[in-house]
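Each protein sequence line maps, in turn, to chains A and B.
Using the working numbering, read the first sequence as starting at 174 and increasing by one per residue.
Using the working numbering, read the second sequence as starting at 423 and increasing by one per residue.
Misleading hints may appear alongside valid ones.
[What the hints assert, rightly or not] Taking beta-carbon pairs under 10 Å as the criterion, some of the chain B residues facing chain A (in silico): (1) GLY425; (2) VAL426; (3) PRO430; (4) PHE467; (5) SER470; (6) ASP507; (7) SER508; (8) LEU510; (9) THR524.
Don't read these hints as lab results, they were simulated from the structure.
Every residue, glycine too, gets a C-beta built ideally from N, C-alpha and C.
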Amino acid sequence: AQSVAQPEDQVNVAEGNPLTVKCTYSVSGNPYLFWYVQYPNRGLQFLLKYITGDNLVKGSYGFEAEFNKSQTSFHLKKPSALVSDSALYFCAVRDNAGGFKTIFGAGTRLFVKA
Amino acid sequence: AAGVIQSPRHLIKEKRETATLKCYPIPRHDTVYWYQQGPGQDPQFLISFYEKMQSDKGSIPDRFSAQQFSDYHSELNMSSLELGDSALYFCATELQGSSGNTIYFGEGSWLTVV
Numbered sequence: 174a175q176s177v178a179q180p181e182d183q184v185n186v187a188e189g190n191p192l193t194v195k196c197t198y199s200v201s202g203n204p205y206l207f208w209y210v211q212y213p214n215r216g217l218q219f220l221l222k223y224i225t226g227d228n229l230v231k232g233s234y235g236f237e238a239e240f241n242k243s244q245t246s247f248h249l250k251k252p253s254a255l256v257s258d259s260a261l262y263f264c265a266v267r268d269n270a271g272g273f274k275t276i277f278g279a280g281t282r283l284f285v286k287a
Numbered sequence: 423a424a425g426v427i428q429s430p431r432h433l434i435k436e437k438r439e440t441a442t443l444k445c446y447p448i449p450r451h452d453t454v455y456w457y458q459q460g461p462g463q464d465p466q467f468l469i470s471f472y473e474k475m476q477s478d479k480g481s482i483p484d485r486f487s488a489q490q491f492s493d494y495h496s497e498l499n500m501s502s503l504e505l506g507d508s509a510l511y512f513c514a515t516e517l518q519g520s521s522g523n524t525i526y527f528g529e530g531s532w533l534t535v536v
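Full structure from sequences and hints, please.
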């Protein structure tokens, strides 16, 4: 069965500093990995995904994520945080061995302080 | 670009009443997912449809049912509503076989049961 874990409930970072939001996963086959962001009272917005190829994936709003197969991780990163990046971030995984279900992590709330 | 449309955006019902939520996918998308997000919680997968057939089932209560119609829109029917059904209900859609299998979310329908 597939699962995804986001070990941090909250991440605090100062504006201009680099940020990392952690995600680890477990699947039986090869993973499809996704990051979504949710602003208050809004739907989830797609940020980026890893399907195959380069382990470093670049996405929207300057975010990137690195797929690490040996550590089964897919951490979200940004070199320089903005106050407007403050939101709830969800990591998600789909097992490409089959099934239509994408499983979401519990979410990590990012606070960027000016 | 057209996005996933959900209606109504807000709905207030009393206990034991019935509610119907609608989801209109991005044009050409053939797969619909329904998720439930309680306050402060991560999205929980309820059910999915591919080409008008149920493709997967998650933690959907027996009081709930859903279907996908010939125009690919979907409806989530909820009966005998309980206070605990109060949540944000997301619809998400994708085009199976497209590059990356990315699912896109609507803005959600807020259901409040009083």
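Evaluation of the provided hints:
1. GLY425: holds, 9 Å
2. VAL426: Given a least distance of 8 Å, the restraint on B:VAL426 holds.
3. PRO430: Violated. Min distance 14 Å.
4. PHE467: holds, 5 Å
5. SER470: Since the shortest Cβ distance to chain A is 5 Å, the answer is holds.
6. ASP507: violated, 18 Å
7. SER508: It is violated, given that the least Cβ distance between B:SER508 and chain A is near 14 Å, above 10 Å.
8. LEU510: holds, 8 Å
9. THR524: For B:THR524, the interface hint holds, since the closest Cβ of chain A sits about 6 Å away, which is under 10 Å.
Hint check: violations occur at hints 3, 6 and 7; the rest are consistent with the structure.
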